[in-house]
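Same order as they appear, the protein sequences are chains U and V. So the mapping is simple: the numbering used here equals the position in the first sequence, first residue as 1, plus 19. So the mapping is simple: the numbering used here equals the position in the second sequence, first residue as 1, plus 1430.
Hints listed in this document are in silico derivations from the structure and should not be mistaken for laboratory results. Note that the coordinates shown come from a computational prediction; the quantities given were computed from them, not determined experimentally. Treat the hints with care, as some may be off.
Quick partial rundown of chain U residues pointing at chain V, CB under 8 Å, derived from the structure [unchecked claim]:
#1 59
#2 62
#3 74
#4 108
#5 111
#6 115
#7 124
#8 126
#9 130
#10 131
#11 151
#12 153
#13 160
Some residues of chain U that are not near chain V, with every Cβ distance over 12 Å (derived) [what the hints assert, rightly or not]:
#14 32
#15 38
#16 41
#17 80
#18 82
#19 93
#20 106
#21 139
#22 143
#23 155
#24 180
#25 181
#26 182
#27 184
Quick look at which bits of chain U chain V covers, simulated, 3 or more residues with Cβ under 8 Å [as the list claims (entries may be wrong)]:
#28 44 to 56
#29 64 to 72
#30 97 to 105
#31 163 to 176
A virtual CB, placed ideally from N, CA and C, is assigned to each residue, including glycine.
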Amino acid sequence: MSEPMVEQLLDVTVTVNGRPRHARVPARRLLSDFLRHDVGLTGTHVGCEHGVCGACTVLVDGAPMRSCLMFAVTAQAYAVTTVEGLGSMDGLGPVQQAFLECHGLQCGFCTPGFLTTVTAFLCDNPDPTEGQAREAISGNLCRCTGYQNIVRSVLRAAELRAEAT
Amino acid sequence: MTTQLFGAPVRRREDPRLLTGGGRYLDDLGAGALAAAFVRSPHAHARILDIDVTGALDVDGLVAVYTYEDLPGRVAEPLPLLIPHPALTHGRTQYALARDEVNHVGEPVVMVVARDRYLAEDACERIRVEYEPLPVVVGIEAARRADDLVHPDVPGNVAAHLVQEVGDVEAALEGAPHTLTLDLSVERSASMPLEGKGVLARWDAEQGELRLFSSTQTSTGVRAAVAAKLDLPLAKVECIAPDVGGGFGVKINHPWPEEVLVPWAARLLDREVKWVEDRREHFISSAHERGQLHRVRVGFDDDGRLLALDVRFWHDNGAYTPYGIIVPIITSTQLLGPYKPAAYRCEFWSLYTNTVLVTPYRGAGRPQGCFAMERTMDAIADRLGVDRAEVRSRNFILPSEMPYDQGLLFQDGRPLKYDSGDFPATLARLKAMVAWDDFGDYRRQAEAEGRRVGMGIGCYVEGTGVGPYEGGHIQVETSGRVNVSTGLTSQGQGHQTVFAQVVAHELGVPLEDVFVTTGDTRRMPYAVGTFASRAAVMSGNALALAARALRAKALRIAAEALEVATEDLEIVEGVVRVKGAPGTSMSLGTVSVMSNPLRYAFDEAAKAATQFAGANDPDRAPVADDDEPGLEGRDFYSPTQATFANGMHAAVVETDPVTAEIRILRYCVVHDCGTMINPMIVEGQVHGGVAQGVGGALYERMVYDESGQLLNASFMDFLMPYASEVPYIETDHLETPSPLNPLGIKGAGEAGCIPVSAVIASAIEDAEGFPITSMPISPVELWELRRRHEAGDLPSLARSTTSAGSAAYPSTLEAP
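So that you can see chain U by itself, here it is in the shape it has in the complex (with noise of 0.2 Å):
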């Protein structure tokens, strides 16, 4: 038998919803692995691992990204918000919120990513229209709503944001 492979740690450390958080991690690393699996934080999905489907969708410095095409190592620079950064059981957010009045999910998985997208969205276009709203999720794969209660949601999402301001 040859010698075993055995895999080289890095010290990893990602600002996650405001907290450095660290692990000794090899290079390989997937950001959404790191986030489910050393952070702990199970709210970001995987649905295909090749960055289709945006169930893993997080922020990264606001910007929406796949996490499960990015490595954990290339995050440490950037700060990343993941679906538990947005609001929490006694206080949802806007667009969470929006969700929850709209029936915008149904099985929930692929909503953290919807969530995450839809946030940065709605900051850069605070006031958009129906059209704009189904073009800005229309990168997020959703098997069970028809996508038709997620525009809807999007939509009071913007309400509830110009209502909070």
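Following the hints, complete the assembly by docking chain V onto the known chain U.
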């Protein structure tokens, strides 16, 4: 008010948790568990000559490698055939790990367990399996030709052959003034939930107990299967379905190989083991559905009434038949929709191919049957020059004819007997919604602008809420908290909300006090599962019955304590009170205290209850012979037959005259699932179903090459619709209550997807003027059909031509 909860669009109770990252899906559990990964067959059909695992042994973190040779006892036997049928004469199931032979790409051959998934996959890459490729059968035509066999002991590749006939179809065809023959096909698609399958197993060596978590549609089924396979007492195995990220059918089949192997390895290694399916695995080793070829022969009178309907179809069941022939049986029976042909015969062959196995996907054979029936209706209308909606209405079963027995045996082996429905009313609403009668004006206007548009229609009836049973258990704690349990599982249908609505309504308690658990065998060991649009019907009614039992007990106890008659009591907002004298009351929590003679004053409710303590009668047992301690209710609902929901859809499409792109301009749904518990959730189900239907009509297919490789096994290549592909869906609801169950409800889960391919085909045909007989249809395929049509190879519809001779469908009966 609690009395308004039932039927109201109550917001979902599960959502705050799911919206904040608090969901607990399979891979969110078992931090630190060992990870399993699988070496899967790269060949569609091959003999396994040798497996060399030595390369994997170098991988740091490797824990175990297993092949078929390592499997003991019943783990080494073929997986069960869940639903046998006399017509399934050649049922075949796979081994948990392939033994000697593989029959499709993706079949598991070697199981690896390692410290994490990365390392497990490293090890898989280093395992060498030597195969001897065998001839491959791909596609229904190849299976029918049977030049090669999938299983050498299955002649003709025929797993099952079934005929059902009502009346004398051949005689009726011969006597019919008009006849047509249609050849139709529907391609493969798949459930494709965003969360794949997954299993986590914890073996408790001290207790000799197995706790199993599975992303499944049936935890009771998985539990029983694993207990049997591992030769464990049922009492020592529990199975819990945690939050499940969508199912749509694929997770009802069980046990999957991994559901047996992961707990087996966990016990053997005495370590927690987890397997989470990745997307490629889901494409090549979970189930597909839909693929069927149909030949329809129909005879009708001058008014378009169905005199004879003869349907033969060939169903691709993939490499194995663990779920029996449920899908083709449903196709063959539900094909009839809202119509009443004078004579009907349906004959099908279920065929093996060297592809991923086929089990129900939302709709479960109905979309194909609906496609066949509705294409036939359009063809009849075209032949006679009668309005398409009118031809349908002439064949409707009328409300006065309900209940209507179609004379066939349904999927549950019971008569296909429609319980209720008002098809003329549904059609009238749909026509009004889509402005059916005004479409000619719209078309002319569009044509003047150089645009090509068409309108399509499709009707269906869906058997929902099949038995045999579901159970409900309700317990009121001394705090007033109401614990509700039902055994079937949840995959996004909002069960924590709708079942809470049922119980809150029946019991008279605030919704916030009701906590629903589903799919946990520790809480409800008897259950069937979530499929066949059955959850609301089955568990909804079981819980209503359980709540009624609990309510009766609460009233009895309170009446005794308050010294009034039970008839004088009501329960409002969780308080039992005297009607007209609400000051005389006690909370349900207090009633719960009183229901248990062991009454330590642990909490305020117990202290409060002491004031009601009756005389301590030395001649009476503390718990009477006919009573039980605790404020609980439990009941089961077991119907004699399915309920039948129905609906009708219409769509307006535009096809680009140059590029043949297909755009859905309008999509209208009228849907009748009986009494609705929560219309918001029903509507969400319809939206999601239509979206999957649109995928099946225009985008999704499983592209196998001739060697059995699935060429599009990723979300890059399998075109699931995004928001940009799904139209705005207009909906309207009828509520024709089912007379069969206490709540009057019918199922709604699958309805949305059933007629979509039929509707879109109808609309494209209407726009193009030549028949559409195969779905899904891409712009490339439509373009090719146009080319053939222009070359004269594809006839025009009668309504698109002045020449009566160029009929779109053969009017002579062609033998199958």
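Verification of the hints:
Evaluation of the residue 59 (chain U) hint against chain V yields a held restraint, the C-beta minimum of about 7 Å falling below 8 Å. About 2 Å separates the beta-carbon of residue 62 (chain U) from the nearest beta-carbon of chain V, less than 8 Å, and the hint is met. Nearest Cβ of chain V to the Cβ of residue 74 (chain U): about 6 Å, under the 8 Å cut. The hint holds. Look at residue 108 (chain U): its Cβ gets to within about 5 Å of chain V, closer than 8 Å, so that hint holds up.
Hint status for residue 111 (chain U): holds, given a least beta-carbon distance of 6 Å to chain V, under 8 Å. Evaluation of the residue 115 (chain U) hint against chain V yields a held restraint, the C-beta minimum of about 4 Å falling below 8 Å. For residue 124 (chain U), the interface hint holds, the least distance from its beta-carbon to any beta-carbon of chain V being 6 Å, beneath 8 Å. Annotation: residue 126 (chain U) was flagged as interfacial toward chain V, and the flag holds, the nearest CB pair being 3 Å apart, inside 8 Å.
With 8 Å as the threshold, the beta carbon of residue 130 (chain U) comes within range of chain V, its nearest partner Cβ sitting at about 6 Å, so the hint holds. At a threshold of 8 Å, the smallest CB-CB gap from residue 131 (chain U) to chain V is about 6 Å, leaving the interface hint in force. The criterion of a C-beta within 8 Å of any C-beta in chain V is not met by residue 151 (chain U), whose closest approach is roughly 12 Å, and the hint is violated. Interface hint at residue 153 (chain U): satisfied, since its Cβ lies 5 Å from the closest Cβ of chain V, which is below the 8 Å cut-off.
The beta carbon of residue 160 (chain U) is positioned within 8 Å of a beta carbon in chain V (closest approach about 6 Å), and the interface hint is therefore held. Every CB of chain V lies more than 12 Å from the CB of residue 32 (chain U), the least distance being 20 Å, so the non-interface label holds. Annotated as non-interface, residue 38 (chain U) keeps its C-beta farther than 12 Å from every C-beta of chain V; the closest such distance is 15 Å. Its beta-carbon lying about 17 Å from the closest one in chain V, residue 41 (chain U) satisfies the requirement of being farther than 12 Å from that chain.
Distance check for residue 80 (chain U) against chain V: the nearest CB is about 20 Å away, which clears 12 Å, and the non-interface claim stands. Even its closest Cβ contact with chain V, about 20 Å, leaves residue 82 (chain U) beyond 12 Å, as expected for a residue assigned away from the interface. Residue-level check passed: residue 93 (chain U) sits 17 Å from the nearest beta carbon of chain V, beyond 12 Å. The beta carbon of residue 106 (chain U) sits about 6 Å from the closest Cβ of chain V, which is not more than 12 Å, so the claim that it is off the interface is violated.
The claim that residue 139 (chain U) lies off the interface holds: its Cβ sits roughly 16 Å from the closest Cβ of chain V, which is beyond the 12 Å cut-off. Listed as a non-interface residue, residue 143 (chain U) keeps its Cβ farther than 12 Å from every Cβ of chain V; the least gap is roughly 17 Å. With a closest Cβ-Cβ approach of about 9 Å to chain V, residue 155 (chain U) is found to fall inside the 12 Å limit, against its non-interface label. Separation of residue 180 (chain U) from chain V is adequate, the least Cβ-Cβ distance of about 16 Å exceeding the 12 Å criterion.
With a least beta-carbon separation of about 20 Å from chain V, residue 181 (chain U) lies farther than 12 Å from that chain, consistent with its non-interface assignment. At roughly 18 Å, the least C-beta separation between residue 182 (chain U) and chain V is larger than 12 Å, which holds for a residue marked as non-interface. Every C-beta of chain V lies more than 12 Å from that of residue 184 (chain U), the closest at about 21 Å, which supports listing it as non-interface. Check result for the segment 44 to 56 of chain U against chain V: holds, 5 residues qualifying (beta carbon to beta carbon below 8 Å, three or more required).
Check on the segment 64 to 72 of chain U: 8 of its residues sit with their Cβ under 8 Å from a Cβ of chain V, so the three-residue criterion for coverage holds. A count of 4 residues in the segment 97 to 105 of chain U with a Cβ less than 8 Å from any Cβ of chain V is obtained; the coverage claim is therefore met, three being the minimum. Counting residues of the segment 163 to 176 of chain U whose CB lies closer than 8 Å to any CB of chain V gives 8, which reaches the minimum of 3, so the coverage claim holds.
Hints 11, 20 and 23, counting from the list given before, are not met by this structure.
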